[in-house]
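Colleague: Residues per chain, in single letters:
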Amino acid sequence: MKRRDFLKNTAVFVAGASVSVSALDFITPKELFAANPQLKWGFLVDTHKCVGCGFCVKACKTENDIPYEANVTRTWVERYVIKKDGDVVMDCPKGARDGYTTKLLDQNHSGMLLVPEDEIAQAFFVPKLCNHCTTPACVQVCPVGATYQTADGVVLVDRSWCIGCGYCIMGCPYGVRFFHPVEHVADKCTFCYHRISKGGDTACAQACPFDARQIGNLKDPNDPVAQTVLSQRVGVLRDEYGTKPNVYYIGLNKEVR
Amino acid sequence: MVEQVAQMIVHGEAWTVKDLFVLPNEYVYWSIQIVMYPYMTGLVAGAFVLSSLYHVFNVEKLKEIARYALVFSFALLPVAMMPLMLHLMQPLRGIHVLMTPHFTSAISAFGIVFMTYAFIVAAEIWFVYRKFIVESVHRLNNKQDRSGLESLLLPIYKIISLGAMDLSKEALDSDHKAVKFLAGLGIPVACFLHGYAGFIFGSVKANALWMTPLMPVIFICSAVVSGIALCIVSYYIFMEMRKWAAKRGKNWLLPDALAQGGTAIPVEQLRSIQEHEVKMTSKYLLIFMTAALTLEILDMIFRGYTAVKSWDALRMVIYEHDFMKIFVYQYGLGNFLPFLLLLVPGLTTRRAVIASILVLFGVFMMRWNVVIGGQAFSLTFAGFMEYHLPIIPHDIETFKEGLGGMLSVIFAPFIIFYFLNMIFPAFMSDDEVH
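Line by line, the protein sequences give chains Y and H. Each position in the first sequence, counted from 1, maps to that position plus 2 in our numbering. Quick note: the second sequence, position 263, residue 250 per our numbering, numbers continuous.
Do not take every clue at face value.
[What the hints assert, rightly or not] Pairs of lysine-lysine residues, derived as DSS-like cross-links and limited to a Cα-Cα distance of at most 27 Å, are as follows:
| no. | chain 1 | residue 1 | chain 2 | residue 2 |
| --- | --- | --- | --- | --- |
| 1 | H | K296 | Y | K246 |
| 2 | H | K145 | Y | K256 |
| 3 | Y | K256 | Y | K85 |
| 4 | H | K296 | Y | K42 |
| 5 | H | K296 | Y | K86 |
| 6 | Y | K256 | Y | K105 |
Bear in mind the hints are in silico, worked out from the structure with no lab data behind them.
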């Protein structure tokens, strides 16, 4: 065969093969296991009901093997104290793992702060967790695709593929990500995917004594979470980043950031 | 027990001090190695641009330093990757960036851009030194009693000659053309390599300080500034060392002489070359400094003027927490003072070198203030974080992301350059080399 012929034949073969291969519809694992257009996970937090007991944080740490003493957590509860003069003081010692048992506000390096009761206009707690955004910044910036979005809307991290660059931690506007102290890869809330995909509840929602946390299917009109999100005045955190969060809050103040 | 306790220390906790309200997972995750990363890529890009000024635009005055800058840029190249490897929590998986690049991420292109650039620099060096390589093969082949080093060099030269032994006039002319083409192609690629490092930061929408479209341009300008400054400083130091060594016959300080035999250049000539090159190069330094400074100040004014939500926190960081680092170290010592030193008439070599050292420091502080400063405030804008560089390491992590890791990155290019200089003599003065 002449060189010219060889090149010609090769070109024809490659062109022909690529057309026929593209005709095949590859079945991705994503479609195989999780394709369910009727399912999109969402979360509802009722801040009026939260008392800051920290049971959710404890339950989460235990359920998901986040070292108990480590100063990182997949979910946490913030305390807000709004003073009559408009000042806002916040704290979140150890992610509220041990609950709020004192009136002293932990200001880290600035020490403890006590706001006199007659100066307080209002005070409340805000639980936080991964927002499992519809357009997640963390998934966008992961250089190796180790963090990804499932078909039912949950954002997960592949521990066997994460290189630990920290770009997703920097990219998340909500500060929900951290480096797992034992696994040494990026880690965050999974909505307890291993539980909810088997029909269970998330560990935090199950541990909450006052039903301040609820997980549900936003696509099911009969789901209590979906009904609340549709029919009540709910808010999301920091929508200015365009991430379209899927954790909804009842009673969200403008002071909450 | 010790291991258990060590495990409880979260990455970032060892060097972060939190103040007021900071989210529980917030730490200074990107520390000294991420300061070093844009600094080193900046030096690579800057050194290359300097060498291209001669090769592409025929700035004849930069002839001597151009060849040096090219070889030094090549020595810096592998070191630009070092901070990333030291920073990764899973360094062995770093290759995943090349294997499964996720193209929506700015970092994923790193491998491709970096490799492209590395090939361009390598190819340019090959064309510049091809004549020398071929001559070396002949010279070493004909030599009867080769020293140990020479016996080692001969196969190296044979391999890197790639069998292209043609030294006819036409062949050399086409070498010349190739150098010019590659140097020209290299400028946009070098700018892209570094502008894209700026994009990595500028595109983080969660970070109020980083997110600006000016970031890539600021990074390119400061890269060229720091690259030129490093070439001036290192060129001066190497020349001083060579003068000192040439006088006393200390050949181990002259790797090229060690490898190629004999000290080629007399001391007097060394001095005049050094003076001429350093002064000429510092003029270009001034031009690029003006551009870099203009952009940085524009960015700051714009933030203050528009004063969006984040400005309250940024103002606290810029004008209070980091005042010394930004206005005294970066702008004062790193920009204003060297500006004066270079502008005052009657520039001497020593003054140009001192100014360049200050410029290098200033650009380092700029990287520091961007990377660390960008993490100095909480995402909530209600609290602050302070970074303390680990000096004495107590585990591998505090070494990698501490003073030890930083110094390793700083010294590595010089060690590489020492050996590279044996193969490609960067200070060779004969006119045969382009």
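Colleague: If you check each hint against the structure, which ones fail?
Modeller: 2 and 4
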